[in-house]
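Trainee: The task is simple: from the sequences and hints, build the whole structure.
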Amino acid sequence: MRIPEIMAVILLLTLPAMGLFAQTDLSTEEYLEPSLYHPDGLFVWDTWFLQDGDTTHVYHLQVKRPEKNVDENFMQQKEEIVNYVDETDKATFEGTIGHATSKDLLKWTRKPTALFRSDAGKVVGAQKAYDDDILFTGCAVKHEGLYYLFYAGNSRRQVQGQKRGMQTICLATSTDGIHFKKHPKNPLFAPDPNRYYTYPDPPAPFKHHARSGTDCRDILVIKDPSGKGWLGYVVMRRKGFDDAFHSACIVLCRSDNLVDWEVGDPVCTPNRFNCFEVPDVFKLGPKWYMLAMTGDIYGQSDRWADKDISLGIIVFQADSAYGPFLEVKDNLLLSSSSSNGQGASARTVERNGERLLFYTHSEVSTGRGRLNWPEKLIPRPQGGLDPVYWQGVNDAFIAPVDADPIDLTSDQSGFKLIKVGQWTRKDSTYMITATIDLFTAQGGGFALGRIDSTSPFLLAQIDCAA
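End of the sequence shown sits at 466 in our numbering; the numbers just go up one at a time, nothing left out.
Because the hints were derived from the structure by calculation, they are not lab data. No experiment lies behind these values; they were computed from the predicted model shown. There could be a bad hint or two in this list.
Computed cross-link-like contacts, DSS-like style, restricted to lysine-lysine with a CA-CA straight-line distance of at most 27 Å [as the list claims (entries may be wrong)]: (1) Lys223 <-> Lys376; (2) Lys181 <-> Lys111; (3) Lys228 <-> Lys163; (4) Lys182 <-> Lys142; (5) Lys111 <-> Lys182; (6) Lys107 <-> Lys163; (7) Lys103 <-> Lys181; (8) Lys103 <-> Lys376; (9) Lys111 <-> Lys142; (10) Lys239 <-> Lys128; (11) Lys163 <-> Lys223; (12) Lys142 <-> Lys228; (13) Lys107 <-> Lys376; (14) Lys223 <-> Lys142; (15) Lys239 <-> Lys103; (16) Lys283 <-> Lys376; (17) Lys287 <-> Lys142; (18) Lys228 <-> Lys182; (19) Lys376 <-> Lys111; (20) Lys163 <-> Lys287; (21) Lys64 <-> Lys182; (22) Lys163 <-> Lys103; (23) Lys103 <-> Lys283; (24) Lys287 <-> Lys376; (25) Lys163 <-> Lys128; (26) Lys185 <-> Lys163; (27) Lys283 <-> Lys329; (28) Lys307 <-> Lys223; (29) Lys163 <-> Lys182; (30) Lys287 <-> Lys329.
Label-pair distances were calculated between CB atoms; the ranges are [as the list claims (entries may be wrong)]: (31) Gly227 <-> Pro66: 47 to 57 Å; (32) Lys107 <-> His143: 45 to 55 Å; (33) Gly53 <-> Val259: 35 to 45 Å; (34) Thr175 <-> Arg272: 29 to 39 Å; (35) Gln382 <-> Thr101: 33 to 43 Å; (36) Ile309 <-> Arg380: 12 to 22 Å; (37) Leu326 <-> Pro225: 36 to 46 Å; (38) Arg195 <-> Asp308: 10 to 20 Å.
From the three backbone atoms N, C-alpha and C, an ideal C-beta is built for every residue, glycine too.
Mentor: Here you go:
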């Protein structure tokens, strides 16, 4: 059958020699960055969003890019906010929280860095600082004219001669969404040691963020649907060494004022993962959904039916915001078969009645890179979610540009490439149109990407079914 013309707007990397899997060595050509947002000189890491009228705020973890020096404005701001001494020390850039805004979710304007960690060894009151290590993921809400920026504070403690990690949920507030001040009640809360793993407990043999330390991070705050206060969903780990590799859970916490919190019971306990990250919770249609990231990088294995998968964003579903959130049958929203964490740290924002998904376009093995373009989420009738193309991408770009055609023909193994088109234009955007004829096949499509000697990655893949 003939599939009607499929439209897709693709941002080609403004590179020469672009095409469908074009095996071209670009090592001698000028490298121009794609327009996937990152602050100059910095990687984007985990992201979270706040819709404020027609402006979307993204707050994000950021770390220094190895190939560039951080720009002078960042350095000057750092010196103004904290007593910064050694500007060659990469550790001072780890885990700051960046900020940008957008009107269309595609073109972002960088704002001043929202938050820095405390100086190493700093004493707050009578105790060591609660956030003198890398700042971890949180969320942002606006209430009665005040912006609340939640984050996870990290610090190290000596326990029986070993350095152990301590995580707590912390808060900074702002009247303009740009200039934040850490709250005097920080840290707001930590896990209940009677029910959840805390840093004095014996360490479990995990890796990465699941290393020997407290799990208390990545809070996601929403208004309580009952109209009474707020709900916070926090990554923790059930107490008990013997069951450590199945102990990851997401705990429901409650607050009347966004400052004083009560740590409650788990609302998501799949009993087969040792670590979760970056939960998101939202209502779409009649159901409530929870997203959470996990993977082999935490020291677990054999968690996926597909043995090639190493990291995934899992979908859970519930009838109410209070859970329980249960893993859907077709549970993977995004997954990566490589070790670079592609598609990691997914969070959503509701904008104009649509639920839009962002994730990190990874460039390095740690999952750090750039902010990807949004995809629209729609519920599956049988349970779960599908990410689909968002029309806003079309609306934001220029008119089509003609390019040489690329012809595909089929053989017994499927589609094969018989001609490679290569675009050398310097325009920043292209409109790609495709007409796909399906005869005996059940589906078809094409993938547009860049492959060179050092950094292959896929820009877009268009699929259709008969």
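Trainee: Identify every previously stated hint that the structure contradicts and give their numbers, smallest first.
Mentor: 3, 6, 11, 15, 20, 22, 28, 32, 33, 34, 37, 38
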